[in-house]
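Undergrad: All chains, full assembly: derive it from the sequences and hints.
Here the sequence shown stands for residues 1 to 36, numbered as in full-length UniProt numbering.
Calculated directly from the structure, the hints in this document are not laboratory data. Cβ coordinates follow ideal geometry from the N, Cα and C atoms, glycine included. Take these hints with a grain of salt, some might be off.
Label pairs and their calculated CB-CB ranges [to be verified]: (1) F21 x M1: 27 to 37 Å; (2) H27 x M1: 26 to 36 Å; (3) E6 x R36: 14 to 24 Å; (4) P4 x G32: 13 to 23 Å.
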Amino acid sequence: MGEPREVAELAAFLLSDRAAFITGSVHVIDGGYSAR
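TA: Next up, the structure:
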């Protein structure tokens, strides 16, 4: 199982200035589960 911290880290990154060029994308936070 994932930890809430892991989701929060992506949310914090997407809200930061470092993600200024990321638009219209989908980020799957499942630890690679969907890649099986």
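Undergrad: All hints are to be evaluated individually against the structure, with a verdict given for each.
TA: Hint check results:
1. The hint said 27 to 37 Å for the Cβ distance between F21 and M1, and at roughly 32 Å that hint holds.
2. Between H27 and M1 the C-beta distance comes to about 18 Å, which lies outside the given range of 26 to 36 Å.
3. A hinted range of 14 to 24 Å for the beta carbons of E6 and R36 is consistent with their spacing of about 18 Å.
4. Look at P4 against G32: about 18 Å separates their beta carbons, and that is inside 13 to 23 Å.
Comparing the model with each numbered hint stated earlier shows that hint 2 is the single one that does not hold.
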